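Novice: Add chain B to chain A, keeping to what the hints say.
Residue numbers (full-length UniProt numbering), protein chains in the order written: chain A, 1 to 433; chain B, 1 to 433.
No lab work stands behind these hints, which were simulated from the structure alone. All of these numbers come straight from a predicted model, not from anything done at the bench. Any given hint could be a false lead.
Since the list can't tell identical chains apart, any single copy or any two copies may satisfy a pair.
Here are the computed lysine-lysine pairs in the DSSO-like style, where the Cα-Cα straight-line distance is at most 30 Å [unchecked claim]:
hint: 1; residue 1: LYS403; residue 2: LYS116
hint: 2; residue 1: LYS2; residue 2: LYS179
hint: 3; residue 1: LYS403; residue 2: LYS254
hint: 4; residue 1: LYS285; residue 2: LYS403
hint: 5; residue 1: LYS220; residue 2: LYS120
hint: 6; residue 1: LYS269; residue 2: LYS285
hint: 7; residue 1: LYS179; residue 2: LYS403
hint: 8; residue 1: LYS269; residue 2: LYS170
hint: 9; residue 1: LYS220; residue 2: LYS285
hint: 10; residue 1: LYS170; residue 2: LYS254
hint: 11; residue 1: LYS5; residue 2: LYS285
hint: 12; residue 1: LYS5; residue 2: LYS403
2 protein chains.
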Amino acid sequence: MKPVKVGLCGLGTVGSGTFNILRDNAEEITRRVGRSIIIEQIGARRDNPTCDTTDVNITRDIFDVASNPEIDIVVELIGGTSVARDLVLLAIENGKHVVTANKALIAECGNEIFAKAQEKGVMVAFEAAVAGGIPIIKTLREGLSSNHIEWLAGIINGTGNFIMTEMSEKGRAFDDVLKEAQELGYAEADPTFDVEGIDAAHKLTILASIAYGIPLQFEKTYTEGISRITAEDVAFASELGYSIKHLGIARRTKLGVELRVHPTLISHKTLLASVNGVMNAVMVKGDAVGPTLTYGAGAGAMPTGSSVVADIIDVARTLTADPTNRVPHLAFQADRLSDLEVLPMEEIECGFFLNMTIQDRAGVLANITQILSTNGISIESVIQREREGSELVPLVVMTHDVKERNMNAAIAAIEALPDVAGAVQRIRVENLA
Amino acid sequence: MKPVKVGLCGLGTVGSGTFNILRDNAEEITRRVGRSIIIEQIGARRDNPTCDTTDVNITRDIFDVASNPEIDIVVELIGGTSVARDLVLLAIENGKHVVTANKALIAECGNEIFAKAQEKGVMVAFEAAVAGGIPIIKTLREGLSSNHIEWLAGIINGTGNFIMTEMSEKGRAFDDVLKEAQELGYAEADPTFDVEGIDAAHKLTILASIAYGIPLQFEKTYTEGISRITAEDVAFASELGYSIKHLGIARRTKLGVELRVHPTLISHKTLLASVNGVMNAVMVKGDAVGPTLTYGAGAGAMPTGSSVVADIIDVARTLTADPTNRVPHLAFQADRLSDLEVLPMEEIECGFFLNMTIQDRAGVLANITQILSTNGISIESVIQREREGSELVPLVVMTHDVKERNMNAAIAAIEALPDVAGAVQRIRVENLA
Numbered sequence: 001m002k003p004v005k006v007g008l009c010g011l012g013t014v015g016s017g018t019f020n021i022l023r024d025n026a027e028e029i030t031r032r033v034g035r036s037i038i039i040e041q042i043g044a045r046r047d048n049p050t051c052d053t054t055d056v057n058i059t060r061d062i063f064d065v066a067s068n069p070e071i072d073i074v075v076e077l078i079g080g081t082s083v084a085r086d087l088v089l090l091a092i093e094n095g096k097h098v099v100t101a102n103k104a105l106i107a108e109c110g111n112e113i114f115a116k117a118q119e120k121g122v123m124v125a126f127e128a129a130v131a132g133g134i135p136i137i138k139t140l141r142e143g144l145s146s147n148h149i150e151w152l153a154g155i156i157n158g159t160g161n162f163i164m165t166e167m168s169e170k171g172r173a174f175d176d177v178l179k180e181a182q183e184l185g186y187a188e189a190d191p192t193f194d195v196e197g198i199d200a201a202h203k204l205t206i207l208a209s210i211a212y213g214i215p216l217q218f219e220k221t222y223t224e225g226i227s228r229i230t231a232e233d234v235a236f237a238s239e240l241g242y243s244i245k246h247l248g249i250a251r252r253t254k255l256g257v258e259l260r261v262h263p264t265l266i267s268h269k270t271l272l273a274s275v276n277g278v279m280n281a282v283m284v285k286g287d288a289v290g291p292t293l294t295y296g297a298g299a300g301a302m303p304t305g306s307s308v309v310a311d312i313i314d315v316a317r318t319l320t321a322d323p324t325n326r327v328p329h330l331a332f333q334a335d336r337l338s339d340l341e342v343l344p345m346e347e348i349e350c351g352f353f354l355n356m357t358i359q360d361r362a363g364v365l366a367n368i369t370q371i372l373s374t375n376g377i378s379i380e381s382v383i384q385r386e387r388e389g390s391e392l393v394p395l396v397v398m399t400h401d402v403k404e405r406n407m408n409a410a411i412a413a414i415e416a417l418p419d420v421a422g423a424v425q426r427i428r429v430e431n432l433a
Numbered sequence: 001m002k003p004v005k006v007g008l009c010g011l012g013t014v015g016s017g018t019f020n021i022l023r024d025n026a027e028e029i030t031r032r033v034g035r036s037i038i039i040e041q042i043g044a045r046r047d048n049p050t051c052d053t054t055d056v057n058i059t060r061d062i063f064d065v066a067s068n069p070e071i072d073i074v075v076e077l078i079g080g081t082s083v084a085r086d087l088v089l090l091a092i093e094n095g096k097h098v099v100t101a102n103k104a105l106i107a108e109c110g111n112e113i114f115a116k117a118q119e120k121g122v123m124v125a126f127e128a129a130v131a132g133g134i135p136i137i138k139t140l141r142e143g144l145s146s147n148h149i150e151w152l153a154g155i156i157n158g159t160g161n162f163i164m165t166e167m168s169e170k171g172r173a174f175d176d177v178l179k180e181a182q183e184l185g186y187a188e189a190d191p192t193f194d195v196e197g198i199d200a201a202h203k204l205t206i207l208a209s210i211a212y213g214i215p216l217q218f219e220k221t222y223t224e225g226i227s228r229i230t231a232e233d234v235a236f237a238s239e240l241g242y243s244i245k246h247l248g249i250a251r252r253t254k255l256g257v258e259l260r261v262h263p264t265l266i267s268h269k270t271l272l273a274s275v276n277g278v279m280n281a282v283m284v285k286g287d288a289v290g291p292t293l294t295y296g297a298g299a300g301a302m303p304t305g306s307s308v309v310a311d312i313i314d315v316a317r318t319l320t321a322d323p324t325n326r327v328p329h330l331a332f333q334a335d336r337l338s339d340l341e342v343l344p345m346e347e348i349e350c351g352f353f354l355n356m357t358i359q360d361r362a363g364v365l366a367n368i369t370q371i372l373s374t375n376g377i378s379i380e381s382v383i384q385r386e387r388e389g390s391e392l393v394p395l396v397v398m399t400h401d402v403k404e405r406n407m408n409a410a411i412a413a414i415e416a417l418p419d420v421a422g423a424v425q426r427i428r429v430e431n432l433a
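Next up, chain A with everything else stripped away, as it sits in the complex (with noise of 0.2 Å):
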């Protein structure tokens, strides 16, 4: 059979893996597909020099390769929400099929860009946008197919993973272990995407639309990062059998579905909770197949590229396949998607681990339970401590599953009592089973 060919737009880190891998695995892959897969073309602004291009077409101007007629498949490794928007609908136009490692992109423009490649019968695959090296998304849209998905929920930034893990096993502060991570390249200059979660919030809202079917609703995903979480919550989160691990979870429930990244309390039992460092792991509860668990390396060159050339072999196989014969974009075919309503937090319900400081006085303690049995509140645990010398003592409450809205009122009048000193600290609680 004649040779697929693909053209690579960006040779940046992710490009400069997809680029090796082809070339380095070549062999193998032509052995897999039964053709084989060359770089027709490369688009990048620059030259990388980890990859060598001496015999490959290279174009400064990315849009000569959603044009070029000789490719087949063009790979969109630029990031962005621009650009990479303009390039992948100009390569959808001309009957182009794409993958993307792009998760902003599929995340805010994936229903728009998904109904074009609809209308001219391509295929637009982007493993490579959640997770890295995880193959999460073949995993969720075929190999858990006969599932009515329960629950999802994933460690799905490294970053973020990072520093929660070294805040855990050694006791050091979000600021001190955040410098660290850019020292080390995990994390940006500016860690906002990562440590606020909007990166997760990305990934997350791809892997809830493959899981139940519904558009891309990034805007409505809850997004909470891990910046306020200290070395004491995690040292009381661990003495109480828990890890804190920034998630993102989705859950269908009878009224719609939940869709949020935070800080979460998991129990040191759930495999999860062993996960650590830069890795990633997705949970998926099917009700077929119950809990399952898919680990891997979330970032990088080879990882990332390990998934974007997975894509583009996939794609290789069915480029003579009938359009209505292939695996839809979000799981469910495009005229079968759900409208299923995205909760609003306050119908949320978890558990909740409260950390404030108190006067060290009788009757505060009973004012505060008290506060929550009013509010349909049960407490699991509470630990408080005292502190030399002073009057202020931590306490520590954990509760069983409630609504958000009344966590809500609860914590309002817990800080509105005067022997409560500053702010409740609220961390979420799930139990993974």
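Specialist: Just chain B now, with coordinates in the frame of chain A:
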């Protein structure tokens, strides 16, 4: 589009799970596939009270199903390698696609079955044959298709993992836990298949073939069970920071492929060490992606049915596709399989945990370490214990990596020492990173 018609052969545990998933999740499956999947006929010797089959055509002769002209996909869930082989070959001969959960059939007769399927242009899907609900076949064949697979290691027998977990967490003896596993229905009355590693060897044979594109070679898979592991082995391993797990391991070296099932010490820090009870998990190390892990239920009606139905959906999607563009049965094109040699155990290199009983006398340890050194074996750690009122004491030695051939020679020499009582217990050690 017209419905896909399935013929279900076997209505035991997995058959009932498959039946109920196809019924319960029919609406969601149709939204995914774009056409409905219906059970046209069931072939089963007896009814199953968990399935409401009132409006389904049931035959007592399963071969009717393989010859029914209405049926597109024959699902083989009867088990074994004689009738099942005849059934599958007849279905293929009749131009039907096949889905099976039968690990013994694929591991022992897969080469013949795939050749026949290739000739007839039909698919044989077998996700459920390995690790129940975990989509590890799809992950290896498609999700990681851009990688050169360096090694894989899996907990692929739930009964064995339940036993090892109980021995580890509660210090219980093998026989005691096995008896409980039989009472709980996790282990058969004759537990040989599970505890002696034959079931795991079937699954490992399949995983190795799709990792390396080699023909199925069950007869060359080294198989060692867990029945000789003692509570003392488990306790000493734990003291050294290791868990003992029953693993199936395939590794590619310069010389060929290692294929082996045996009890194995792995570091407590490895995620695989936290996989407990009847759960399964498979680690795969690819050259691009690095280490990955996939975890889930390895058995049971619904989890295994989850994989069977996912396969049915996959086959339904490619019914009209050109056979040359399908994912090949063994991941590589049938005419591009490799003749990589399966290595004899003497050629394999790993660390060893040795547990022996010696006379508590000066010079014994010196003699033993001298023998190890003579055979080129270096020691990582040693535990020697006093035992009150006894002249016989345990000695535990952990070694660095060494060829099995050298270890065999060293153990023979150690066992010949007059101060060593009985046989040396030897368990292999793997560094899975």
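Novice: Against each hint, give a clear statement of whether it holds in the structure.
Specialist: Hint check:
1. LYS403 - LYS116: Close neither inside one copy (40 Å) nor across copies (58 Å); limit 30 Å.
2. LYS2 - LYS179: neither (51 Å within a copy, 59 Å between copies)
3. LYS403 - LYS254: within (14 Å within a copy, 58 Å between copies)
4. LYS285 - LYS403: Result: close within a single copy only, 22 Å intra versus 42 Å inter.
5. LYS220 - LYS120: within (29 Å within a copy, 50 Å between copies)
6. LYS269 - LYS285: Both. Shortest intra-copy (17 Å) and inter-copy (25 Å) distances satisfy the 30 Å Cα cut-off.
7. LYS179 - LYS403: neither (36 Å within a copy, 45 Å between copies)
8. LYS269 - LYS170: both (20 Å within a copy, 16 Å between copies)
9. LYS220 - LYS285: within (22 Å within a copy, 37 Å between copies)
10. LYS170 - LYS254: neither (41 Å within a copy, 40 Å between copies)
11. LYS5 - LYS285: between (38 Å within a copy, 28 Å between copies)
12. LYS5 - LYS403: Classified as neither: same-chain Cα gap 53 Å, cross-chain 45 Å, threshold 30 Å.
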